[in-house]
Each structure stands twice: as structure tokens, then as C-alpha cells.
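Build out the structure end to end from the sequences listed, making use of the hints.
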Amino acid sequence: MKRIGLLSLLCSLILVLLILPAAGVMAQPKEIILGAALPITGGQSREGGYVKKAYELAIKEINDAGGIMVKQYNKKIPVKLIIYDDKSDNTTSVQLYEKLVTEDKVNVLLGGYGTPLITAHTVVAEKYRVPYVNGGGATGAIYERKMKYIFCLIASVGKLAHTLMDWIGGQQNEGNLKKPLRIALMGENTSHGKEFRQGVLDKAKAAPDRFQVVMDEPFELNLKDADPLLQKVKASNADIYLADARLADYTTMHRRYTELRLYHQVVSYGPRGAEKAARDALGPASDYIISCNWWHRDIPTASARTFRDKYEKAYNEPAEWFPATAYETVRVMAKAIEDAGTLDKTKIRDTLAKMDMKNSLVVGGRVWFKPNGQIENDYVILQNLPGEKVSLIYPKEIATAKAIVPIPKKQ
Amino acid sequence: MTIDIPALLVGAILLAGLYATMSYGLALIYGVMKIVNLAHAGVMMWAAYAVFVLIVNAGLNPFLAPLITVPVFFLLGMLLQRYVVRRVMFAPPISSLLLLFGIWLIMQNISYLGFTGDTRAITTKYTLMTFEFLGIAISINRLVVFCVGILALLVMRQFMGRTYMGKAIRATAQDGDASKLVGINTDRVMEIAFGLGIALASLAGSLMALIFAFDPDFGRSHLLKAFCIVVLGGLESMVGVALGSLVLAVAEALSVLWIMPALQDFVSFALLVIVLIVMPGGMMGLLAKLKKT
Numbered sequence: 339m340k341r342i343g344l345l346s347l348l349c350s351l352i353l354v355l356l357i358l359p360a361a362g363v364m365a366q367p368k369e370i371i372l373g374a375a376l377p378i379t380g381g382q383s384r385e386g387g388y389v390k391k392a393y394e395l396a397i398k399e400i401n402d403a404g405g406i407m408v409k410q411y412n413k414k415i416p417v418k419l420i421i422y423d424d425k426s427d428n429t430t431s432v433q434l435y436e437k438l439v440t441e442d443k444v445n446v447l448l449g450g451y452g453t454p455l456i457t458a459h460t461v462v463a464e465k466y467r468v469p470y471v472n473g474g475g476a477t478g479a480i481y482e483r484k485m486k487y488i489f490c491l492i493a494s495v496g497k498l499a500h501t502l503m504d505w506i507g508g509q510q511n512e513g514n515l516k517k518p519l520r521i522a523l524m525g526e527n528t529s530h531g532k533e534f535r536q537g538v539l540d541k542a543k544a545a546p547d548r549f550q551v552v553m554d555e556p557f558e559l560n561l562k563d564a565d566p567l568l569q570k571v572k573a574s575n576a577d578i579y580l581a582d583a584r585l586a587d588y589t590t591m592h593r594r595y596t597e598l599r600l601y602h603q604v605v606s607y608g609p610r611g612a613e614k615a616a617r618d619a620l621g622p623a624s625d626y627i628i629s630c631n632w633w634h635r636d637i638p639t640a641s642a643r644t645f646r647d648k649y650e651k652a653y654n655e656p657a658e659w660f661p662a663t664a665y666e667t668v669r670v671m672a673k674a675i676e677d678a679g680t681l682d683k684t685k686i687r688d689t690l691a692k693m694d695m696k697n698s699l700v701v702g703g704r705v706w707f708k709p710n711g712q713i714e715n716d717y718v719i720l721q722n723l724p725g726e727k728v729s730l731i732y733p734k735e736i737a738t739a740k741a742i743v744p745i746p747k748k749q
Numbered sequence: 266m267t268i269d270i271p272a273l274l275v276g277a278i279l280l281a282g283l284y285a286t287m288s289y290g291l292a293l294i295y296g297v298m299k300i301v302n303l304a305h306a307g308v309m310m311w312a313a314y315a316v317f318v319l320i321v322n323a324g325l326n327p328f329l330a331p332l333i334t335v336p337v338f339f340l341l342g343m344l345l346q347r348y349v350v351r352r353v354m355f356a357p358p359i360s361s362l363l364l365l366f367g368i369w370l371i372m373q374n375i376s377y378l379g380f381t382g383d384t385r386a387i388t389t390k391y392t393l394m395t396f397e398f399l400g401i402a403i404s405i406n407r408l409v410v411f412c413v414g415i416l417a418l419l420v421m422r423q424f425m426g427r428t429y430m431g432k433a434i435r436a437t438a439q440d441g442d443a444s445k446l447v448g449i450n451t452d453r454v455m456e457i458a459f460g461l462g463i464a465l466a467s468l469a470g471s472l473m474a475l476i477f478a479f480d481p482d483f484g485r486s487h488l489l490k491a492f493c494i495v496v497l498g499g500l501e502s503m504v505g506v507a508l509g510s511l512v513l514a515v516a517e518a519l520s521v522l523w524i525m526p527a528l529q530d531f532v533s534f535a536l537l538v539i540v541l542i543v544m545p546g547g548m549m550g551l552l553a554k555l556k557k558t
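Protein chains in written order, with my numbering: chain A, 339 to 749; chain B, 266 to 558.
FYI, nobody ran anything at the bench for these hints, they're computed from the structure.
Values in this document were obtained by computation on a predicted structure and should not be read as measured data.
Even glycine gets a Cβ: it sits at the ideal position worked out from N, Cα and C.
Be aware that a few hints might be false.
To be clear about the criterion: a stretch of chain B counts as covered by chain A if any three or more of its residues have a C-beta under 8 Å from a C-beta of chain A, and this derived list gives those stretches [to be verified]:
| hint | segment |
| --- | --- |
| 1 | 267-275 |
| 2 | 376-384 |
| 3 | 422-435 |
| 4 | 473-487 |
Result set (BS3-like, lysine-lysine): computed pairs, CA atoms no more than 27 Å apart in a straight line [unchecked claim]:
| hint | chain 1 | residue 1 | chain 2 | residue 2 |
| --- | --- | --- | --- | --- |
| 5 | A | 484 | A | 673 |
| 6 | A | 685 | A | 414 |
| 7 | A | 614 | B | 390 |
| 8 | A | 443 | A | 747 |
| 9 | A | 413 | A | 443 |
| 10 | A | 516 | A | 734 |
| 11 | A | 747 | B | 390 |
| 12 | A | 465 | A | 727 |
| 13 | B | 390 | A | 748 |
| 14 | A | 651 | A | 727 |
| 15 | A | 683 | A | 673 |
| 16 | A | 727 | B | 557 |
Simulated restraints on C-beta separations [stated by the list, open to error]:
| hint | chain 1 | residue 1 | chain 2 | residue 2 | range |
| --- | --- | --- | --- | --- | --- |
| 17 | A | 529 | B | 542 | 32 to 38 Å |
| 18 | A | 697 | B | 363 | 53 to 59 Å |
| 19 | A | 638 | B | 341 | 29 to 35 Å |
| 20 | A | 696 | B | 323 | 17 to 23 Å |
Printed below as a string of C-alpha cells:
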């Protein structure tokens with residue numbers, strides 16, 4: 339009996355010794371899989387192309403360094419990136435994120451680009467509880483849906499409007515603009531535009547001695563005729579003109595604005611203004627336009643400069659904000675995995691929620707998320723200057739030039 | 266807030282020229298072949314890219330570029346009708362709708378491949394150039410587009426009324442079978458009518474590219490507007506299209522006095538519904554009725 343017992347114990351021991359390493363080998367992943375569906379073709383292909391390049395650059399750097407250190411396995415694990423083309427289509431985007439989770443078995447998800455696509459596909463990440471970080475969907479409404487697995491590296495459009503208004507307030511304090519200022523306000527009829535308008539209205543309501551919104555109009559995307567809208571702007575007799583528009587509408591509107599010989603002491607199209615395509619299309623008419631943005635290549639921090647130099651060397655094109663925040667998205671996700679020390683999705687999510695990353699390339703250098711998952715860092719404000727130059731005018735600590743306000747009247 | 270109504274009206278009249286130019290081709294093809302050319306938007310978009318290449322890359326004068334694009338697109342339209350559209354001419358209408366929708370999608374995707382989704386715009390020395398007339402700033406670009414719209418109407422009227430081919434097109438539009446019986450080569454007529462429709466769409470695209478920024482999705486919203494205009498004009502009449510364009514442009518412009526500019530499209534589609542219910546013959550039907558009484 340004693341012998342049988344000893345034999346059973348020995349057999350069990352052998353079995354355990356055989357199974358344990360095998361289980362260890364099986365559980366130890368060969369690679370960490372990151373997945374994303376990006377608008378590589380279709381209406382958002384320009385921005386999607388930037389994001390793809392930035393993701394690939396960041397992944398290459400991680401793999402060149404041996405991968406991501408995962409404490410659970412006590413080793414660096416290389417990273418595999420799967421990118422699909424959602425053709426700028428919401429339905430396709432959702433299907434591809436489903437595929438990434440259910441078929442490709444990704445460990446974590448990286449975001450796409452643009453409010454409509456991100457609004458649609460984040461539902462998939464939340465449904466399957468896969469940690470997701472994006473650097474291209476600012477609209478605050480995306481993050482007000484009480485999702486737990488969704489994180490965003492760019493501040494809300496509402497904050498953009500607040501930053502712009504605070505800066506205008508600063509100009510009033512310096513005596514460059516009068517008090518109160520009459521504001522003509524317009525925004526595209528989307529959640530992006532609504533949030534921008536609401537942000538301006540909030541600030542105006544809070545400081546009626548400073549701001550008076552004399553016109554507030556939404557407009558449809560893909561404007562065919564900006565005349566009626568701009569005639570209203572003209573009739574409003576406003577001192578400053580603030581709008582939120584996409585590139586094509588900004589170009590169409592500002593061409594007509596110039597043809598109608600309108601003038602305002604400050605002109606801004608929200609985040610639009612400094613893009614090369616728009617400056618080519620508008621020429622000197624785009625001089626002195628103010629834009630509020632998530633990043634700029636002249637930010638004088640070491641991390642921003644390092645990224646700028648690496649990106650521009652790799653792709654021979656100026657580093658705009660699209661690739662900058664996308665690049666940082668990968669770095670943030672890699673840090674979350676490393677800090678979590680495991681590939682457990684819930685633990686990675688929890689690490690993201692508690693993240694406080696320093697020396698980031700984002701404005702302010704610090705990555706941390708509000709309870710809704712969106713970052714709350716500062717914006718930079720830029721001003722177009724003659725000769726296709728752009729100056730960084732805000733925040734003061736990193737400004738490269740002083741703002742020219744009121745903007746000079748054009749001849 | 267006092268809106269400058271004369272300036273608004275001048276802007277609307279100039280816009281009507283653009284609206285008319287982008288709708289003539291659609292009306293012509295529908296009139297002759299009873300086909301709704303959904304590829305119209307694709308043609309406008311391709312023409313925009315064609316003039317972009319000619320003006321920006323080859324340095325051609327912006328107002329001369331259509332002289333190259335229009336004949337090329339005329340030939341393209343003829344070939345499209347001969348080898349593709351003709352096959353579904355007598356099939357149920359859904360066949361031609363789907364076929365032309367498919368062609369539009371193919372055109373869009375080719376543009377995405379060739380030009381990416383970047384927003385493009387053409388800037389020339391005339392861009393943003395204006396002159397003052399009775400205190401109203403008038404854009405040179407828009408004025409030229411308006412004049413070309415009027416010129417296209419006059420040329421088309423002369424062509425339709427005075428040439429054998431024009432008369433043959435009108436005859437085929439009225440009754441294809443009867444036209445065959447009197448010896449008209451209706452296949453050839455349809456080929457030329459389709460080519461002309463495509464050429465007019467390309468003319469519109471070439472001119473619109475001087476005013477608007479564009480990408481491969483360009484033309485979609487303009488196509489919807491063109492549908493409204495063609496229905497408003499009475500489906501088959503060039504003069505009706507011109508009148509429809511004017512009515513629509515003025516209605517949209519004046520609507521801002523009462524409703525928010527974001528609802529401009531509502532004005533177009535409300536007009537479309539009203540016209541379809543109250544006067545299905547459009548402006549031309551209304552004019553004919555008024556003449557009779």
C-alpha cells in the first residue's frame with residue numbers, strides 16, 4: 339500500500355514536472371499583437387496614411403530594441419502590428435475591428451482616425467474589453483459614453499475652443515483687443531462643430547464683459563455656397579470671426595471670405611489653418627489666420643524634437659500633428675503593457691487608467707487620462723505668417739514668436 | 266442684423282450660372298435616353314483633377330484648360346455609351362442606375378489611387394481677384410463661370426435648333442421609334458448625346474475646380490443639387506434647367522433671411538418635393554400652362 343502511494347506520488351510529480359514547463363511554453367507568447375484599422379483609402383486617406391507611417395515607425399523602434407519587456411515572462415517580447423484599410427467607411431471599420439479581436443486575437447488595439455470612424459469602432463473594443471488607445475479622435479462625445487477600455491491622446495474639441503477663447507482673453511488683457519469683443523461664430527453641423535461652438539458659447543457666457551456672440555450658425559459639410567453664411571457674418575458687424583471647418587470647407591469659405599473683402603481682428607477656423615494644402619490654395623489670404631492644434635513640430639522639448647527629426651528623416655516630409663500623436667499612441671500602449679507586466683487585458687486597461695507618463699512628446703510633456711479616458715493637456719496656438727511661415731504663439735513658455743493681433747488689414 | 270440683400274442676390278445669380286452648367290449634361294442625357302447618369306458626379310470630379318494637372322503641372326491658363334478637357338471627355342462619353350451604357354439601354358431602369366453608380370465608384374477609387382484622398386485646390390492669378398460694381402465685390406472666377414454657363418446655354422440652343430444632329434437629338438428624345446422610321450441613326454444620336462452630356466459635366470467640373478477645393482468624393486452633393494434643378498426645370502429642357510438654377514440659387518440665398526444657412530439643402534429638397542407634387546412639368550410646364558391661359 340505504501341509502495342502504491344509512493345508510486346502515485348512519483349507519477350504525479352513526473353506529470354507535474356512534464357506539464358508545467360509545457361504550460362509555460364504554451365502560455366508564453368512569441369509576439370504581442372497590436373491591431374488597427376485605418377482609413378488608408380477613401381476620404382480620410384491623407385490622415386490615415388500619416389497614422390500608418392507613425393505606427394510603423396514606432397513599432398520598428400520597439401522591435402529594434404528587442405520588443406516590450408513583460409515581467410510575467412521575464413523577457414522582452416517582439417511586437418507584431420496588423421493594419422487593415424477601413425476605406426474611410428464606418429461599417430467596414432467596425433467589421434475590421436471585430437476581425438482583429440475575434441480572428442487575429444490581438445492583445446491590444448490602436449485607434450484609427452477621425453470622429454465618425456472612431457465613434458463607430460470603439461464600440462467593438464469596449465464590447466470585447468480590449469484596451470484601445472487612439473490619437474486621432476478629439477470629439478469629447480466619443481468619451482462620454484461611459485466606456486472603460488477606450489483612451490485618447492488628444493484633448494477635446496471643447497477644450498480647443500476654451501483654449502482659443504482664453505488666448506483671446508489674454509490678448510484683451512494685453513490691450514491688443516478691445517472689451518467686449520463681438521464674435522461671429524460658425525461650425526460644421528457635426529459633433530465636432532457643435533462642440534467647438536458650445537465651447538465658445540460657454541466662455542462667452544462666463545465672461546459677458548469680454549465676449550458677445552453676435553452670430554452663431556451651424557453649416558452643412560461640403561459647402562456649395564458660402565455666400566449666404568458670409569453675408570450673415572458681414573451683417574453681424576463682428577470684431578472677430580471664429581469657425582470650425584474641415585480642410586475643404588475652410589478653403590472654400592476663406593476664399594469667399596477674401597473675395598467679399600471681409601476683415602476681422604482675429605480669424606480662426608479652429609484646428610485648421612496651417613496645413614500646406616490650404617496655404618497653397620489660399621496663398622497670402624491665409625496669412626495671419628490663427629489655428630489651435632494638438633501638436634507642432636516647433637515644440638521645443640527633447641521628445642518632440644526627437645520625434646520630428648526621426649519622422650522627417652524616415653519619410654522626408656514635415657512632421658504634422660497626425661503622425662506625432664499616432665506615434666505617441668504606440669509608445670503609450672507599449673508603456674502600459676510594460677508597466678502592467680502582463681498581457682492580461684484588464685490589467686493593461688487599469689494601467690492605462692492610472693498612467694502618468696512623463697517626457698512625452700504631447701504638449702505639456704505628460705500623458706494622463708481623465709476618468710472618461712481622454713487626455714486633458716494643453717493645445718498649441720499657431721499663426722500663419724507671410725511667406726508660408728507659421729509661428730508658435732501659445733503657450734507662452736514655448737512660443738517662438740509674439741502674436742500679431744489685430745491682424746493687419748490686407749491690401 | 267441687416268443683410269446686404271443686393272450682394273446676396275448678385276452672389277445667387279452668379280451661382281445660378283454654376284448650377285446650370287453642372288445640370289445641363291444630366292438633363293440632356295435624361296432627355297434623350299431616359300437614363301439618370303449617376304456617373305455625372307464622377308465626371309465632374311475627374312474633370313476637376315484633369316484641369317488641376319493641366320493648370321498646376323502643365324501651367325496652362327485656367328480658362329483655356331476646359332478647351333482641352335471638354336473634347337476629351339466628349340470622346341470618353343461616346344465610348345462609354347457605345348461599349349457600356351448601350352448594353353443596358355433597354356433593360357429595366359435599375360440596370361442603368363446600378364451600372365452608372367458602379368462606374369462612379371470605379372472613378373472615385375481610381376482617383377484615390379492616383380491622387381490619394383488629399384484635398385486639392387487650384388490657385389491661379391485670378392483666384393481671389395475681385396472688382397467692385399455698385400459697391401458689391403464681384404469675383405472674376407465666379408463671373409467667368411456664370412458667363413460660361415450662359416454661353417453653354419446659347420451654344421446648346423443653337424446646336425439643338427439649327428443643326429441636323431441637334432434636331433435628330435430632339436427627335437430621338439421625343440420618340441425614338443418614330444425617329445428610326447424617318448431614317449435617323451438613333452444609335453449614333455444617343456452616342457453623341459451621351460458624349461455631349463459627359464462633355465457638359467466635364468465643363469462644369471473644370472470650372473468648379475477653380476472655385477471649390479476638391480477630393481475624390483467631389484461632386485456627390487452637387488449631383489443631388491443637379492437632380493433638383495433638372496426636376497425643377499422640367500427634366501428635358503435646357504432653358505428650363507437655366508431657369509431652375511436661377512430659382513433654386515435665389516431661393517437658397519434668400520432663405521438665410523428666415524432660416525439658418527445649415528438648412529439650405531432643405532430648401533432645395535423642399536422645392537423638389539413641391540415641384541413634383543404641384544407642377545410635375547417643372548418650370549417649363551408652368552410656362553407652357555401660363556402661355557395657354
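Comparing the hints with the structure gives:
With 5 residues having a Cβ less than 8 Å from any Cβ of chain A, the segment 267-275 of chain B passes the three-residue criterion, so the hint holds. Check result for the segment 376-384 of chain B against chain A: holds, 6 residues qualifying (beta carbon to beta carbon below 8 Å, three or more required). Coverage of the segment 422-435 of chain B by chain A is violated. Counting CB-CB distances below 8 Å, 0 residues qualify, and the rule asks for three or more. For the segment 473-487 of chain B, the proposed coverage by chain A is satisfied: 10 residues have a C-beta within less than 8 Å of a C-beta in that chain, meeting the threshold of three.
Simply put, residue 484 (chain A) and residue 673 (chain A) have alpha-carbon atoms about 24 Å apart, close enough for the 27 Å limit, and the pair holds. A C-alpha spacing of about 18 Å is found between residue 685 (chain A) and residue 414 (chain A), which places the hinted pair at or below 27 Å, so the restraint holds. This hinted pair checks out: residue 614 (chain A) and residue 390 (chain B) have alpha carbons roughly 19 Å apart, not beyond 27 Å. Proximity of residue 443 (chain A) to residue 747 (chain A) is assessed by CA-CA distance (about 58 Å); at most 27 Å being required, the pair is judged violated.
Our distance criterion of 27 Å between C-alpha atoms is met by residue 413 (chain A) and residue 443 (chain A), whose separation comes to about 21 Å. Between residue 516 (chain A) and residue 734 (chain A) the CA atoms are separated by roughly 21 Å; this keeps the pair inside 27 Å, and the hint holds. The suggested pairing of residue 747 (chain A) with residue 390 (chain B) holds, with an alpha-carbon distance near 20 Å, which does not exceed 27 Å. About 46 Å separates the Cα atoms of residue 465 (chain A) and residue 727 (chain A), which puts this hinted pair outside 27 Å; it is violated.
The straight-line distance between the Cα atoms of residue 390 (chain B) and residue 748 (chain A) is roughly 17 Å, inside the 27 Å bound, and the hint therefore holds. Under the criterion of a C-alpha separation no larger than 27 Å, the hint pairing residue 651 (chain A) with residue 727 (chain A) is consistent with the structure, at around 21 Å. Restraint check for residue 683 (chain A) and residue 673 (chain A): satisfied, since their Cα atoms lie roughly 14 Å apart, inside the 27 Å limit. Simply put, residue 727 (chain A) and residue 557 (chain B) have alpha-carbon atoms about 65 Å apart, too far for the 27 Å limit, and the pair is violated.
Remark: the range hint 32 to 38 Å for residue 529 (chain A) to residue 542 (chain B) is upheld by a beta-carbon distance near 35 Å. For residue 697 (chain A) paired with residue 363 (chain B), a C-beta distance near 56 Å keeps the hint of 53 to 59 Å intact. Look at residue 638 (chain A) against residue 341 (chain B): about 53 Å separates their beta carbons, and that is not inside 29 to 35 Å. A hinted range of 17 to 23 Å for the beta carbons of residue 696 (chain A) and residue 323 (chain B) is inconsistent with their spacing of about 52 Å.
Checked against the numbered hints listed earlier, the structure breaks hints 3, 8, 12, 16, 19 and 20; every other hint is satisfied.
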